[in-house]
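Enquirer: Okay, here's what each chain looks like letter by letter:
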Amino acid sequence: MENARIAAPVQAEPGGEYRTDAVIVGAGPVGLFAVFELGLLDIKAHLIDVLEVPGGQCAELYPEKPIYDIPALPVVTGQELTDRLMQQIAPFDPVFHLGQTAEAIAKTDEGRWRVTTSAGTVVDARVIVIAAGGGSFTPKKPALEGIEAYEGTSVFYAVRKMDAFRGKRLVIAGGGDSALDWALNLKDVAERVTLVHHRDGFRAAPDSVNKMRSAVAAGEMDLKIAKLQSLEGAAPQLTGVGVASKETGDETIPADAMLAFYGLTMKLGPVANFGLNLHENLIPVDTEKFETSEPSIFAVGDINWYPGKLKLILSGFHETALMAQAAFRYVYPDAKLRFQYTTSSTNLQQKLGVA
Amino acid sequence: MKIRVTDQTGKEHELEGIEGWRVMEIIRDWGLPIKAECGGACSCATCHVYVDEDWMDRLVPATDEELEMLDTAPAVEDNSRLSCQILMSEALDGLHVTLAPGSEPD
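Going line by line, the protein sequences match chains A and B. Take the position in the first sequence, starting the count at 1, then add 93; the result is the number in my numbering. Take the position in the second sequence, starting the count at 1, then add 291; the result is the number in my numbering.
Because the hints were derived from the structure by calculation, they are not lab data.
Rough simulated footprint, nothing fancy, chain B against chain A, three-plus residues with beta-carbon under 8 Å:
1. 233-245
2. 258-271
3. 358-364
Quick list of in silico lysine to any residue cross-link-like pairs, SDA-like style, CA-CA up to 20 Å:
4. 339/A - 370/B
5. 254/A - 232/A
6. 261/A - 251/A
7. 320/A - 371/B
8. 404/A - 313/B
9. 293/B - 305/B
10. 158/A - 376/B
11. 302/B - 392/B
12. 137/A - 219/A
13. 234/A - 365/B
14. 402/A - 321/B
15. 404/A - 381/A
Using N, Cα and C, we set each Cβ at its ideal position, and we do this for glycine too.
Hey, can you work out the whole structure from these sequences and the hints?
Expert: Here it is as structure tokens:
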């Protein structure tokens, strides 16, 4: 497809207060298509997603893998599907709040919802649509006993400010781009950086691997081919990281902090605290409106549950169409809902900018 | 053909293997707790298993793509594999695997 036609997400300033019709939690394929179905009914939407880009699991886990069961697209990659959805919803001007999670919801006196994000953003909306798939992406943690007690003080899964590590002894764990990039960036800031990876092969960009090996050869940082074994020190303050190496045996690397980069996995996250009924970490809905146990909160896509549910992108798309019809009645309680087709309705075609 | 699967609590299960299915799909189809987040695309490492040492040499070796995904799994051992990359066949009748940390659903 033509790259020039792909719409870039309109990113809102974090920490602001916004008022809209619908807030969609999750910007994966189903969350994106919800913008379209809502938009056809004149329902404006804001989207919140923990990732920095739209696309959800498709964009994060398999951007280049082919998908074969999207109607009319015999084969499409995760990224291409995302790009096409972004193009399709562009006429409705969705507003994105990326890199943040929907942390809490509260009902207002007006009967609306205030959704607060981890970035302090508040979105006030009449309806909430949860399209969070398998949950929100969170860092994978090394399987080390008691690691939670060190988190936030001396064990980290991201770097917010490099200066926080100035003069410290760091263990950086992992073999991908994040681990190598941060090892290279922090070696000039920290007192000492030791990169720990379980094998002498790296999935990072070859240029980064070469730079890392040069830095090790020049004595600017250390590389340890070993498995992480234990965290030493009185929690939450780390004093060392125990490792086991086939060549050199067990040892403790002195460390004030450990940064672990093993990629992301999905957890249900704060949605679990929204006060909705849950069924084995999924949100039960009816199959007429896809509404949850709380009126005017809907759940579509992989995160919902009903008898016969199939976890397919296709099913999620279908669910958004029915959800939008029900959402309309909350947003426009006095209006008559007329069902129209995009092929024949001038009104819909005007909304899409094609008539 | 059968496979034996030891779950995260140490309980062993004997499952009917199906020719051409991936071991991850068999484990999931039998209702054992396996996250398999990406659905078999070799993109998440949440179907990580330890293969019984007796069986390691009988498997098709891991591709670079699988090794790189295994880098993102916690507690990788020499006998670590992604169960979505092991294709079931008569030659694997009796295969024994153990679900590794990080493979459990939330």
